[in-house]
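Those protein sequence lines, which keep their order, are chains A and B. Every letter in the first sequence is one number past the one before it in my numbering, and letter 146, counting from 1, is 765. Every letter in the second sequence is one number past the one before it in my numbering, and letter 97, counting from 1, is 115.
FYI, nobody ran anything at the bench for these hints, they're computed from the structure. What you were told as hints is all true, and nothing was included just to trick you.
25 Å max Cα-Cα, derived DSS-like pairs, lysine-lysine:
1. B/259 / B/278
2. A/833 / A/917
3. A/649 / B/187
4. A/649 / B/157
5. A/833 / A/806
Under 10 Å between C-beta atoms, here's a sample of chain A residues computed to sit facing chain B:
6. 675
7. 684
8. 692
9. 724
Cβ coordinates follow ideal geometry from the N, Cα and C atoms, glycine included.
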Amino acid sequence: MLKDITYTDKKATRDGFGAAMTELGRENPKVVALCADLVGSLKIQPFIDENPDRFFQVGIAEANMMGIAAGLATAGKIPFTSTFANFSTGRVYDQIRQSIAYSHKNVKICASHAGLTLGEDGATHQILEDMGMMKMLPGMVVINPADYNQTKAATKAIANHYGPVYLRFGRPGWPVFMPEDGFEIGKAIMLNKGSDITLIATGHMLWYAVEAAKKLEADGVSVELINIHTIKPLDEEAILKSVRKTGLCVVAEEHQQLGGLGESVAGLLARQHPTKMGFVAVQDSFGESGKPDQLLEKYGLSINNIIEKCQALLS
Amino acid sequence: MSIDIASLKDMASQVRRDIIRQTHLVNSGHPGGSLGCTDFLVLLYFEIMKHDPSFNMEGNGEDMFFLSNGHISPVWYSVLSRSGYFPVEELNTFRKINSRLQGHPATHEGLPGIRVASGSLGQGMSVAIGAALAKRLNKDDRFVYVLTGDGELQEGQVWEAAMFAPHYKLDNLIVTVDWNGQQIDGPNEKVMSLGDLKGKWTSFGWTVFEMDGHDFNSMIQTIQAAQNERGKGKPVCILMKTEMGKGVDFMEGTHQWHGKATNAEQTEIALSQLEETIGDY
Numbered sequence: 620m621l622k623d624i625t626y627t628d629k630k631a632t633r634d635g636f637g638a639a640m641t642e643l644g645r646e647n648p649k650v651v652a653l654c655a656d657l658v659g660s661l662k663i664q665p666f667i668d669e670n671p672d673r674f675f676q677v678g679i680a681e682a683n684m685m686g687i688a689a690g691l692a693t694a695g696k697i698p699f700t701s702t703f704a705n706f707s708t709g710r711v712y713d714q715i716r717q718s719i720a721y722s723h724k725n726v727k728i729c730a731s732h733a734g735l736t737l738g739e740d741g742a743t744h745q746i747l748e749d750m751g752m753m754k755m756l757p758g759m760v761v762i763n764p765a766d767y768n769q770t771k772a773a774t775k776a777i778a779n780h781y782g783p784v785y786l787r788f789g790r791p792g793w794p795v796f797m798p799e800d801g802f803e804i805g806k807a808i809m810l811n812k813g814s815d816i817t818l819i820a821t822g823h824m825l826w827y828a829v830e831a832a833k834k835l836e837a838d839g840v841s842v843e844l845i846n847i848h849t850i851k852p853l854d855e856e857a858i859l860k861s862v863r864k865t866g867l868c869v870v871a872e873e874h875q876q877l878g879g880l881g882e883s884v885a886g887l888l889a890r891q892h893p894t895k896m897g898f899v900a901v902q903d904s905f906g907e908s909g910k911p912d913q914l915l916e917k918y919g920l921s922i923n924n925i926i927e928k929c930q931a932l933l934s
Numbered sequence: 019m020s021i022d023i024a025s026l027k028d029m030a031s032q033v034r035r036d037i038i039r040q041t042h043l044v045n046s047g048h049p050g051g052s053l054g055c056t057d058f059l060v061l062l063y064f065e066i067m068k069h070d071p072s073f074n075m076e077g078n079g080e081d082m083f084f085l086s087n088g089h090i091s092p093v094w095y096s097v098l099s100r101s102g103y104f105p106v107e108e109l110n111t112f113r114k115i116n117s118r119l120q121g122h123p124a125t126h127e128g129l130p131g132i133r134v135a136s137g138s139l140g141q142g143m144s145v146a147i148g149a150a151l152a153k154r155l156n157k158d159d160r161f162v163y164v165l166t167g168d169g170e171l172q173e174g175q176v177w178e179a180a181m182f183a184p185h186y187k188l189d190n191l192i193v194t195v196d197w198n199g200q201q202i203d204g205p206n207e208k209v210m211s212l213g214d215l216k217g218k219w220t221s222f223g224w225t226v227f228e229m230d231g232h233d234f235n236s237m238i239q240t241i242q243a244a245q246n247e248r249g250k251g252k253p254v255c256i257l258m259k260t261e262m263g264k265g266v267d268f269m270e271g272t273h274q275w276h277g278k279a280t281n282a283e284q285t286e287i288a289l290s291q292l293e294e295t296i297g298d299y
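Please model the entire structure based on the sequences and the hints provided.
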């Protein structure tokens, strides 16, 4: 039930990553971590304190970090690289492409401060193209968890998945409302069953989607709310099953529309079940400095934007 | 250690034939740099390295080699096949459709002996550093070798790696630079000066050696000296003077054969200068 989805606490998704790394450090001796001068931001100091030999500070040299991770993976380690999402993707795309993706290395690219909610640092750091870049790489798994608990669960899950993974999370404190249990790579999570419209959300936008669904339901709209945390491989079956029932679909994400989850869903539906869709995503624009909620509002990613997109399809 | 130099020279001559024949057959590939690095790779695979042609990706307990300048794949494929990693006849498939012998080395098709793809330049040293760190964690006392081109040193990532290895005191890492002075557009000094290479590596914190990449005795002495640096907490860089196109008179000392194969007539002349020792595939 939608009304049961609530939160009492706000925590950053990056804290979920840090907490999982601490646990992985204790549980899996093959796990090693690398960081490019952002240890505090990535919350991995406890991992470093407990496993100093299994941590490699590479300095401000992300290209080198990706190559080193490929080498560590070659020799059987499970490297987790950590820096901001911007420096984890666009800056090092060719290194990831050749040394990690094409070479099928078991490297986990863990990327914080993704999207507009990075806030005040502005557009240089607010990457909104990262999921698109990463999902295009053959064999790359792309995951964008929604809250602290899901980020923690995802971090632990990818350690047990062989192959390259891009894990995207963020900076701000955000409602904690998802269970830590039951996370499965590539498996959508149904938050609410409904019959009028399918609302799909990923990352931070899932909480906004919950709020939007509650308001829509109060207006008598039956919303099927689905969390897609794994952008690739996409849980096609879950999406098709829902859309076949509702006939309408809105996708919300903190990413460019071009290259985002919405585009993946649109491609799926175009091939299998052509459906009217709405997109809550950034429209071919860079961000700017500001507070996370102000930025989401300005760039069309507010709760009201989700409601409006749904209502436009329903009318 | 008594080393049979004559056998190494025989193998090198055969490998050079393989390079000419591979690239001629598909009228593509990079024979120049391959011929220049032949003696070094023959020495590594047939004398220096402890390695197992049954091939284990993780390379535990073995010396590991990474080729950063992946375009000289013909020499590596020849040496790998003649070391027993895969059938020598497979050299016939170089750069053809459905082959494991891609234009640039790749793991994707599962060719034994290749641990990471290379071709986009400047990445091999970083990967080798990762493998060297893993060996240290695993208390594995074997070495990690990486070969890089000289033109490739123009890539910024190389110097990120050059800064990292001394910081981590990686004395199980031996980098060799194929210092032939040539790149696609011409001599290094014309395209983009490398400056004082020895000074650059030294100032980054490396122990630097120089050797003649066509003199087996020089290479053996230098590589042994590099190995003896183990325990001193510094990585080793060997600046290896080579001649692009070595072994074929009309291909030597020019960048013209960097990425161009010989035609039928040129192939005949080239092969007449390279004795068939082990036997053609």
